[in-house]
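K.L.:
Protein chains in written order, with the working numbering: chain A, 1 to 253; chain B, 1001 to 1280.
Among these hints, one or two may not hold up.
[Stated by the list, open to error] Pairs of lysine-lysine, DSS-like flavour, derived with a Cα cap of 25 Å: (1) 228/A / 1082/B; (2) 1161/B / 1003/B; (3) 1074/B / 1127/B; (4) 1127/B / 228/A; (5) 1082/B / 146/A; (6) 1201/B / 1272/B; (7) 1252/B / 1185/B; (8) 1082/B / 1127/B; (9) 228/A / 146/A.
[Stated by the list, open to error] Over 10 Å on every C-beta distance to chain A, these chain B residues come out as not near it, computed from the model: (10) 1029; (11) 1038; (12) 1200; (13) 1265; (14) 1266.
Think of the hints as simulated: they come from the structure by calculation, not from any bench.
Model, not experiment: these values are computed from the prediction.
Even for Gly, the Cβ is constructed at its ideal location relative to N, Cα and C.
This is what each chain is made of:
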Amino acid sequence: MKGFLDYVDGNSVLHRLNPMTKLIISFGLCASCFLTQNHAVVAAIALFDLCLGALAGISRRSALIFISLLKLSAALFLLQVFFVRQGNILLVLPFGLRVTDAGVSFSALFALRLAAVTMPLSLMLSITRMSDIANVLVRYLGIPYKYAFVLTTAMRFIPLFTEEMAGIMEAQTARGVRFDTGNFFRKVRLLLPLCVPLLISSVRRIEVSAISAELRGFNLRGRSSGYKRYSFGANDAAALFICVMIIVASAMI
Amino acid sequence: MIKIEGLVFRYDGSPRDALNDISLDIEEGDFVGIIGPSGAGKSTLTYALNGVVPHHYSGNFRGRVEICGMDTAKAGPEAISKYVGSVFQDIEGQILSSVVEDEILFGLENFGIPRGEIEPRVEYALKTAGISELRHRNISSLSGGQKQKVALASIIALRPKIMALDEPTGELDPQSSRRVFETLKELNERHGLTIVVVEQKIMMLCEFAHRLVVMDEGRIAAEGPAREVLRRGGMLEEIGVNIPRIATLARKLRGLGLYDGITPLNLAEAEKMMRNGRQC
Ligand SMILES: Nc1ncnc2c1ncn2[C@@H]1O[C@H](COP(=O)(O)OP(=O)(O)O)[C@@H](O)[C@H]1O
Ligand SMILES: [Mg+2]
């Protein structure tokens, strides 16, 4: 999953949409997943997400994201399906566990939703620069630039932290610590002490970021400081129209 | 251009002075290399140039730092930034954006550079740093050397008069390090920027810097043109600065009375030293 939050440069129709349009569509698709109680509709939305990925020229990446989401969904399905008590019993298991038809339906919907909700957000991040998102949040929604900035920098720091953690783990492995234990609690016990050096280096790094921002005039920035202008064209109108149709349809089915 | 007089600084909560009575004059167009062991106060000295000390880090600040006639203790950090551009040791921490172009726009947008001037400045910065083709790339996909150039470009775009760099090649291989220094040289010679750079690779400093400042325990231990500073090799070794082997050799030959020419800084000069030495 390395780099799954990264922007992928491109010039597709979707890339060229107004960042605000992309934000609205991705949240619209999420909303649709929750508005419907129908498995087929949620599956259709997930399929639609994959088509969008193909349209943006990142079909391979979206397929990879989808597959890893499906794995996670499958795990969640198994975690839930044994604990729903309502409905007709399909299967009785030891330890008082049972599988009911309502349980299967409920867990499947939940698992499908997880995949279908995450897809549009991760697609949106793949084809929209963080700075563009920050700029439209400031311009259209009036969010103070400071908050938008925190959001974009946080996105930048996530991969840095995972990289740093991997580095620390590698160093520990070289000293003979074995992280490849299957025991979850053992692993947590091994990882916990590493949080201290990670925290220290992170704090130091954030300090440098703060100074770097300050010296480049961060405090002078106003609402109209953004250089890029975002137009709203026919493509945006069409995309929003399709999005509204999907929301309405999923609310009705 | 830069005038430091009796500068003393102690970070709040620190038992000793990070800078202890520093006085230093740097002329316009100079290229100054700062070297010294870890904890000598090199980073703190660059902080004194860009106003991070005393504006960001509080502490006991005495003495005076003047940049282009401006007292840094009185001017705000942004006002100082108009003259001094800073590059920090931690490249990853310094870079704030995900895409190269955005990193360069960041400062330009903040300082309210007129719209018509922004595009030419972005192009100029990318070209000077030698990364025009990386403009739309994701920064996380770049190499360490390329990232360092992005950091440089984001400062070049602001057209400072002075550039203060803290170990800009600390995490780079020798070849990328050279390219960074060649960019600095170009900024210095072609665009007249004053360069102050902290650097551990002493051979690099000797080749590119006009002047060396050796720091130790918050003081300036030696200062002058590279050759003169290297003549005092014994003192440098004592405080823990690695000096080039050819300079040590020259000093030893001099001690034995076999040589009394210049301290060689490259292979060609070293060869000359050896040939002349044999004639003695
Ligand atoms: N933020 C800080 N707070 C307190 N003490 C600091 C801070 N930064 C540096 N120091 C101290 O100041 C001294 C000089 O540090 P520094 O300028 O980073 O040296 P150098 O860059 O030469 O390694 C060191 O003793 C260090 O511990
Ligand atoms: Mg330092």
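K.L.:
List in ascending order the numbers of the hints, as given earlier, that are violated by the structure.
P.N.:
Hints 3, 7 are the ones this structure does not satisfy, whereas the remaining hints hold.
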